[in-house]
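**Student:** In the order they appear, the protein sequences are chains A and B. Per numbering that gives the first Met the number 0: the first sequence = residues 0 to 348. Per numbering that gives the first Met the number 0: the second sequence = residues 0 to 348.
Hints are computed from structural coordinates only; laboratory data are not their basis. Virtual Cβ for every residue (Gly too), placed ideally from N, Cα, C. The reader is advised that the hints may include incorrect statements.
Unchecked claim - Some chain B residues flagged as far from chain A (calculated, every beta-carbon gap over 12 Å): (1) E162; (2) D216; (3) A243; (4) T289.
Unchecked claim - Label-pair restraints from in silico Cβ distances: (5) A:E252 to B:D337: 56 to 64 Å; (6) B:P67 to A:E268: 14 to 22 Å; (7) B:N227 to A:N333: 48 to 56 Å; (8) A:N333 to B:D61: 41 to 49 Å; (9) B:E275 to A:F122: 32 to 40 Å; (10) B:E268 to A:E36: 20 to 28 Å.
Claimed, not checked - Below, simulated DSS-like cross-link-like pairs (lysine-lysine); rule was C-alpha separation at most 25 Å, straight line: (11) A:K253 to A:K239; (12) B:K319 to A:K41; (13) A:K217 to A:K239; (14) B:K239 to B:K319; (15) A:K239 to A:K109; (16) A:K253 to B:K41.
Protein chains: 2
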Amino acid sequence: MSNRSDYSEGDLRNTGMSLRHDREWDYELDRIIETIEERDAKTVGLQFPEGLKRRGPAVADDLRALAPDDVTFMLSGQPCYGACDLDTYLMRRTDVFVHFGHSPMKDSDKIIYVPLFSNVDPFPIMEESLEELADPAEDPDVGLVTTAQHMNRFDEMVEWLEERDYEVHTRRGDDRLTHEGQVLGCNYASADIDAEQVLYVGGGKFHPLGLAMEHPDKNVVIADPVNNVVTVADTEQFMKQRYASVHKAMDAEKWGVIFCTKIGQGRWEQAQEIVENNDDAYLITMDEVTPDRLRNFAMDAFVNTGCPRITTDDGPQFHKPMLTPGEYEIAVGNEPLDALEFDTFHGTW
Amino acid sequence: MSNRSDYSEGDLRNTGMSLRHDREWDYELDRIIETIEERDAKTVGLQFPEGLKRRGPAVADDLRALAPDDVTFMLSGQPCYGACDLDTYLMRRTDVFVHFGHSPMKDSDKIIYVPLFSNVDPFPIMEESLEELADPAEDPDVGLVTTAQHMNRFDEMVEWLEERDYEVHTRRGDDRLTHEGQVLGCNYASADIDAEQVLYVGGGKFHPLGLAMEHPDKNVVIADPVNNVVTVADTEQFMKQRYASVHKAMDAEKWGVIFCTKIGQGRWEQAQEIVENNDDAYLITMDEVTPDRLRNFAMDAFVNTGCPRITTDDGPQFHKPMLTPGEYEIAVGNEPLDALEFDTFHGTW
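Model the full structure from these sequences, guided by the hints.
**Tutor:** Okay, here's the thing in structure tokens:
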């Protein structure tokens, strides 16, 4: 039975970026130790996403017990929100660099990606989600997407739906994505499929909210095996916030144009083009885009050419309106209001 | 007349790191434009310390008006608290990189350092400070130190004191310092002089507090021409906080050992030595050391081998005690409690 009370709440803070810890993860310690021994590594860097940083010391303990005595393990203390967000300092200065929680955005010999496959069984909640999907006798076409954490069960999920008479549409998206059916917070090209409904299997609302924004014509059903709920994505609250930010920014005289220096978040041409065409725009470079850092600049509004989810999900925390590049074009009058769409990110680096 | 009510307040928040803006600064625009033209630069990076970031756009405007049309100016959005804290990303990717507000920690052809000499007249407040200095007939020996902002008047200050019968002691300190008589927040070697009193001329309490901590045997008189007050440095509150942190950390089981990746703040040997000798210590690397970043790690206490002033001045903002490397040795029982001293930073990078 789906939890109808969870619909339409529009609470963007509860977006699944902060993971619950009642799951078990596969840290693939053997694979890491093998690489350490093969390379005769003396320094090993470990990078965890924010929600899993507190598990870092225990993982380091396990690795120390297995590795030769002269290996030094280092935990990255830099914030991390995706495979776009590698700690390049640590990567360049360690013999082995392990990035946990994401699949490769771009393959590299220097990096061991440990996606942290979840041990949660997705099928009970998929069973419940059938109530929100169209009856296969009426509309058998359904897209299927998930996150890196559940990719190890993806083929089984496809079979499971096929056994229930669905025609499952999947695709790999573009080269920012590693796997068929995978979505990122900034990229939903894997849902560019010929079906009016998409089933998202995974924890939280962060990914399906982006999915529904990017594909407003599709019904996005969320089967969340972590929080054990089925919901249908609702973008209304989200869209209202975006329009409100665009309207507020229309009066801006001085614009700060943010170029993000994170390895997978740079859109230099876009940033430079805005500055070249607006005498009242100033190019500001930074890695972490935070309210504190922007407060120091006397600007009326900001355009963020880095991570679109900082702009859309964290936007209300900033003291001045922050827009995506597409929203900026609307605010300065180059595009009509109905051109507003979700900002996605393509390519690697 | 000195403002006695300002004595002993121990308010570490009002440390002068956030500068007042009623001063005028010399941005040395001509020198910057000359270099841009000489190098035929197309990209110019501008880095300001936190208290002056809001002036960045106006400085960029002035430079845009003077520079060729095809030059792109970029403002660093990275936090900046000293010459130890260069935006190396921006430095490496721009043809000219200008660092405002500090003198060179290490000379480099790549960087134009603009110290931002202040136009404030130091002599009226120095006149008032004579009331706190010993009568030259009794003790003529006085050390004189100041910050980068007032170095352009340093020779005049020496003369001014000599005319009033003082014997002025000055030295250059070590190679972390550019000028004779200069102090940094982390280095007071210029006050290693043969005098029992030191006159600090400059804004705020941040520098003289460190000076008094590092030289507890000397009377540190502060002539502050910015806030127009004379005070005598009082370290009592500061010392109490440090002892409180050390005591709290004595029960710690798990230690996070911070290695700071900022170009001028790395003490690798010190960090590694701690980790090698303590099985319950974990090496954590980061650039900005903030409460938010440390909160994600499940540690009982932290040792910060980076900027000592983050540890001592911002310490109370962190959720767990944070110690300097020397304080750590006390907390784990390797050194006695009375070994507690101010943590200073030497060398360049």
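**Student:** Confirm or reject each hint.
**Tutor:** We went through each hint and held it up to the structure:
no.	hint	in the structure
1	E162	holds, 42 Å
2	D216	holds, 37 Å
3	A243	holds, 25 Å
4	T289	violated, 9 Å
5	A:E252 to B:D337: 56 to 64 Å	holds, 59 Å
6	B:P67 to A:E268: 14 to 22 Å	holds, 21 Å
7	B:N227 to A:N333: 48 to 56 Å	holds, 50 Å
8	A:N333 to B:D61: 41 to 49 Å	violated, 28 Å
9	B:E275 to A:F122: 32 to 40 Å	violated, 48 Å
10	B:E268 to A:E36: 20 to 28 Å	holds, 26 Å
11	A:K253 to A:K239	holds, 24 Å
12	B:K319 to A:K41	violated, 30 Å
13	A:K217 to A:K239	holds, 19 Å
14	B:K239 to B:K319	holds, 17 Å
15	A:K239 to A:K109	violated, 43 Å
16	A:K253 to B:K41	holds, 23 Å
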